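Student: Each chain is listed here by its residues.
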Amino acid sequence: MFAFLSSFSPKAIAVGLALAAGIVAAIGSWRLALLAFLAQYLLASLLLVQLIGLQVALTKALVGTSIFFALYLTAHQLSKGGWERIEGQSSPQAAFNSAFRLLAVLLVGLAVPSLAGRYPLPLVSPEMGLACYWLGSMGVLAAILREEPLRAGLGLLSFLLGFELFYVALEHSLSVLTLLGVIDLLIGLAIAYLALARRSLP
Amino acid sequence: MIAGPSLLIGLPLAMVPIVYLLRRWEKLAAFLSAVTTAAVAGLCLHLPLDRPSWIFGFVVDLGRTVRVLGREFALLETGRLTIAFVFGVATALFLFARWISQGRSFFPLGLLILGLLNCVILIRHLLFSVLFLATASIIAVFIVQGGRRGSAEGAFRYLMSTILAFPPLLVSIWLMEQYALNPDEVGLIHSAIAFLMVGFAIFLAVVPFHGWVPAIAAEAPPLVTALILTVMQAIVLLLMLNLLGSHLWLAENPRFFWTLRVVGLAMVVWGGFSSPFQRDFGHLWGYAALNDMGWVLASLGMTSPSGLSIALWQFASRTVAMVMGAMGLAVMRHRARGEAGFAQLRGAARRLPFSAAGLILSGLSLAGFPFTIGFPSRWAAFSLVASHVGNWLKLGAGWPLLLILADGGVAAGYLRGLNALLSSSPDPDLKPEPALTSIVILSTILLCLVLSIYPQPLLVCIRSAAGSLASPSP
Amino acid sequence: MFTSVLVLLLGVLVIPILDRLIAARRLGFSALLIAGGALLSLLLPGGKSPSSLVLSPWRPLMESELAFKIDGLAFVFAVSMLLLGLTSFSLSLGDEGVEARLYVARLILLAAGLSFVFSADLLTLCFSWIFLEFALVLTEATSSVRRPHAERMAQVLGVLALMMAAFLLDSGLPFQTFLALAVLIRIGIYPLRLWKLAEARSQALPYLISTGSGLYLLVRTQPSSGLLTALGLMAFLIGSMLAWLEGGSPRFVAISQVGYAVLVGSVARPLAAAVNLLLCLGLLFGQDRPEAAGQLREGVRGEPWQRAPLALALVSLIGLPFTLGFVSRWLLYNALPPQSLWILVLSLLAEVMLSASLLRRWLASSPGRLPAAHWAGVAFLAVPLLLFGFFPPLIREGALPDLFHSAEAALWAILLSPPLGGYVLHRWCKVPAPLSARLSSLLELDWLYEPLGRLLGNAEAIFLGIGRAIEGRSYVGWALLAVFLFLLFLW
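Protein chains in written order, with our numbering: chain A, 13 to 214; chain B, 412 to 885; chain C, 81 to 571.
These are computed hints drawn from the structure, not numbers from a lab. Certain hints may be false.
[To be verified] What follows is a list of derived Cβ distance ranges for each label pair:
(1) A:Ser126 <-> C:Tyr529: 36 to 44 Å
(2) A:His88 <-> C:Gly537: 43 to 51 Å
(3) A:His184 <-> B:Ser464: 23 to 31 Å
[What the hints assert, rightly or not] If you want the ones that stay clear, here's a sample from chain B, every Cβ over 10 Å from chain A, calculated:
(4) Ser464
(5) Leu570
(6) Val582
[Claimed, not checked] Non-contacting residues of chain C with respect to chain B, defined by C-beta distances greater than 10 Å in every case (computed):
(7) Ser121
(8) Leu146
(9) Arg232
(10) Ser251
(11) Arg387
(12) Leu515
Predicted, not measured: the structure shown is a model, and the values here were computed from it. Glycine included, C-beta positions come from ideal geometry on N, C-alpha and C.
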């Protein structure tokens with residue numbers, strides 16, 4: 013299993029991560045965004061298998077999956093209450109917002125490779141560094157462009173994932189990585205809580 | 412024998428499930444939480460560090476080191492004073508929350524946060540301090556929202572700021588460890604300082620990373636805001652001071668202190684000049700807190716022997732003022748069905764005189780106005796900062812005037828609020844304030860007035876705290 | 081000496097207790113007794129000898145102290161303020177439905193005024209300033225007194241100016257400009273006087289204590305500059321013109337006299353002018369009685385001698401001989417240098433208009449039958465006014481010369497011409513009502529303050545929007561933050 017998981021090319025995984033992060037930032041549909049979010053964690057876990065080992069990678073995948081299910085259930089509950097209608101998902105304004113987000117993703121996406129080239133991250137490969145920068149930038153972009161906590165929260169988690177991918181190369185201590193995982197879970201819970209709290213806004 | 416760190420961390424954490432189960436009975440939960448925090452504060456203040464003591468048949472050694480998974484937890488003098496301070500403040504907040512609800516989760520999660528903050532103080536490894544602080548901050552998001560339906564902007568911005576703040580600190584710690592191994596690589600210091608400053612800047616809400624402070628001040632339950640802006644920021648400051656004490660190269664770096672001065676003054680000016688334009692007490696309170704924290708940082712950055720003492724004095728005054736303001740605002744919002752805007756609270760002072768007085772006095776204290784608890788420390792800070800800033804920035808007497816006008820801006824904001832509170836007839840549905848809360852607020856007002864004239868008792872504690880902290884200097 | 085303040089503060093605690101025990105009518109007597117006790121404690125043996133009290137040393141972190149001191153000057157103002165308080169309490173004895181909290185507020189106001197004049201240094205003065213503002217807010221909350229918001233803001237600026245002056249003084253730098261600014265704001269000189277007094281007697285005490293504190297500062301610091309002279313003269317002139325146009329309204333007389341006091345202060349010793357202002361305006365406001373208008377309509381008129389207090393106030397304001405007003409005018413014109421002809425001309429013009437306005441007021445007034453309590457009240461002010469007028473050396477600040485032996489003929493001509501000119505102006509010069517109204521409106525500067533208020537309102541909206549954007553409520557703020565971070569790391 014370990015050999016199978018290690019066989020994936022880091023470059024391909026990095027491309028997959030970039031695509032998933034772009035979808036989280038740009039796409040309007042919450043289902044697609046959540047699936048892309050899950051894909052980010054799974055792909056990140058694949059990278060971690062090669063970097064640090066199966067145990068930590070599995071933990072990361074488990075954390076990501078837990079967060080995904082928590083947020084999916086939250087989004088499902090919200091959508092029953094007409095959340096998409098409230099958030100203007102089906103209005104003409106939504107099309108404009110989507111176009112704006114896509115443009116923003118493209119602009120930031122153009123800047124990220126030069127940033128990664130100018131300030132390479134230590135102790136990680138160039139592809140990994142680019143993936144970390146990309147995840148971080150797209151994550152922050154997604155958080156800025158959204159008002160609604162669930163979608164903005166996905167961005168924050170993406171940012172954190174990008175940071176953790178880099179940090180794992182610096183700090184191998186299991187206790188640190190465990191604490192980071194706990195923090196991720198807490199953030200996921202907090203995002204779900206805030207999203208539900210906000211639902212009664214007119 | 413019970414080791415001090417185990418007791419100080421274990422006691423609040425052990426009470427969390429009990430208080431959580433009893434959360435529906437808020438008065439009982441408040442009582443238990445207050446007793447817990449008072450007990451911890453009392454233990455820290457009265458038990459010696461250098462020898463074991465008997466407490467209710469148990470032997471407690473407060474100064475004993477505990478190892479968990481290879482990491483040491485130990486209580487030093489600095490930590491002792493900080494824990495006593497933090498838990499003292501928490502006791503006051505929990506007791507007041509007995510009368511004005513801040514959300515059912517305030518008590519259990521408050522205790523959990525305090526337990527984690529004790530981990531921050533007691534653990535001997537900076538990396539874990541940062542991680543525990545981040546954990547505590549994220550848990551605080553739940554009490555910032557406080558079960559409220561509607562806007563989650565304040566809580567989300569606080570969450571966002573925490574998530575953006577702690578990664579730079581982690582990277583900075585790694586860079587510092589690398590520098591310790593490779594002292595020739597000077598570039599590592601510059602990068603470490605840069606990341607350190609970004610991380611602390613976000614945690615301390617330095618302009619332009621200050622957005623979360625007015626947001627939570629406007630939306631969060633007032634006592635929760637006070638908890639975050641006093642207790643949690645005290646822990647962040649302690650972390651920073653411990654860093655300075657343990658890394659001599661940082662304490663000797665003049666750029667670091669220069670940055671502290673600049674960001675401090677920027678906060679003073681921005682917070683002060685933004686205040687008069689606010690239209691509700693929540694945002695106003697947030698900007699007043701920014702202005703006040705700016706003075707703390709500017710004093711710390713002055714690197715004079717008295718700078719640290721003045722910064723601590725300033726922070727202590729701030730804490731009393733913020734707790735008083737939180738009490739006043741909590742009562743007013745509770746009676747006004749969650750509203751804190753000037754327009755919604757017109758004439759409210761006639762029904763809620765003590766709450767209004769506490770709120771306005773708290774704001775004027777944060778502005779450092781005479782006859783408030785904030786004045787003596789502000790005067791000392793102003794004298795220290797203004798007399799050096801003119802020479803240092805070569806801008807003559809313009810800077811002292813700008814700083815004093817910034818404080819005037821905060822006062823002007825609160826006077827606008829006072830004008831609204833005193834005007835016209837109040838909303839007939841506005842009920843009078845509870846008698847007990849009036850007594851508590853009045854007592855706090857009197858305490859503030861007395862301390863404004865006789866700050867000497869506070870100075871004794873400040874000198875003791877300053878002596879135990881490493882005094883930073885370039 | 082400082083027991084006067086303690087007596088007043090004790091009264092603040094006693095009055096609410098007495099309110100539950102005795103009839104409301106007797107409460108006024110209690111307040112009167114308390115204020116009287118405070119005055120007595122000041123006048124008792126050693127009342128005028130300098131003494132000091134350090135309330136809090138604030139060392140070692142600061143060199144400053146919180147301290148109070150009494151000297152001759154502070155004594156004079158303290159006595160004046162207490163007399164105003166006694167008058168206020170006496171006059172309210174006849175009023176119905178006066179609540180205990182009103183007396184409490186007035187006692188705190190008096191205590192604050194005394195604290196102000198007893199302050200030993202600028203830092204303590206900052207405290208006293210805030211104490212006084214608190215007392216004024218309390219007065220507003222417990223009565224019909226209303227100060228505009230702009231007035232409170234102006235006082236905030238005043239205390240900031242005072243704090244700046246204190247800091248500069250401690251640093252050994254020039255501080256006089258800020259101190260002068262603080263004085264002018266406290267004193268409420270035109271155009272900084274934003275408190276549009278109503279004619280109501282209830283506003284008299286708060287206004288006079290507030291202005292009296294400013295006058296004390298003026299006399300204590302005696303800032304002198306050409307700008308102050310010009311400012312004082314302008315205020316004197318415009319205030320007198322407004323008073324003439326509005327028939328001697330106390331509000332405009334006050335503006336005029338404040339300007340006059342600043343003018344005197346920039347040239348000579350203003351103590352006489354200051355005390356004259358306080359006592360005369362106290363008498364002038366005291367003439368307002370709720371039942372007077374009704375009595376006037378019913379044709380009820382008092383005896384001519386019952387108009388004596390008003391006459392005394394008007395005569396002293398005009399500055400006829402054997403009044404305190406005359407002493408202050410003498411000091412002013414005697415101290416004017418020969419090259420200040422323009423000051424002389426303009427101030428005489430102002431005095432002519434003031435005299436005309438006061439004469440018009442005298443002719444239009446009829447206080448009706450005065451109750452006994454009213455007489456007690458006015459006596460507190462009238463007697464000192466007469467005493468100081470006949471015996472100027474009682475005010476010992478500065479050497480007051482022997483007026484009647486050393487005055488020259490020209491000086492006598494200057495001193496006596498305004499009353500005559502005022503009579504002529506009143507008799508033969510009538511301003512049409514529409515023009516009068518337009519001029520008043522122009523001089524009261526409403527055309528300036530209202531647009532200024534609107535401009536500030538618009539600025540508020542703009543700054544609020546910018547602030548919200550930078551807080552992170554919009555993309556703009558975050559974009560700016562990202563750029564800032566980028567530049568930070570590059571640098």
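Student: Would you mind marking each hint as holding or not holding in the structure?
Tutor: Verification of the supplied hints:
1. Against the hinted window of 36 to 44 Å, the Cβ-Cβ separation of Ser126 (chain A) and Tyr529 (chain C) comes to about 56 Å, which falls outside the hint.
2. Between His88 (chain A) and Gly537 (chain C) the CB atoms are about 47 Å apart, so this pair conforms to the stated range of 43 to 51 Å.
3. Between His184 (chain A) and Ser464 (chain B) the Cβ separation comes to about 41 Å, which falls outside the hinted range of 23 to 31 Å.
4. Taking the minimum C-beta to C-beta distance to chain A, about 32 Å, the non-interface status of Ser464 (chain B) holds against the 10 Å cut.
5. Against chain A, the non-interface label of Leu570 (chain B) is violated: not every CB pair exceeds 10 Å, the least being about 6 Å.
6. Annotated as non-interface, Val582 (chain B) brings its C-beta within 10 Å of a C-beta of chain A; the closest such distance is 7 Å.
7. For Ser121 (chain C), the condition that its CB be more than 10 Å from all CB atoms of chain B holds, with the nearest at approximately 22 Å.
8. For Leu146 (chain C), the non-interface assignment is contradicted: its Cβ lies about 6 Å from the closest Cβ of chain B, within the 10 Å cut-off.
9. Here Arg232 (chain C) does not stay apart from chain B, with its beta-carbon only about 5 Å from theirs, under the 10 Å limit.
10. Some Cβ of chain B comes within 10 Å of the Cβ of Ser251 (chain C); the nearest lies about 6 Å off, and the non-interface call is violated.
11. No beta-carbon of chain B is positioned within 10 Å of the beta-carbon of Arg387 (chain C); the least distance is around 38 Å.
12. No beta-carbon of chain B is positioned within 10 Å of the beta-carbon of Leu515 (chain C); the least distance is around 36 Å.
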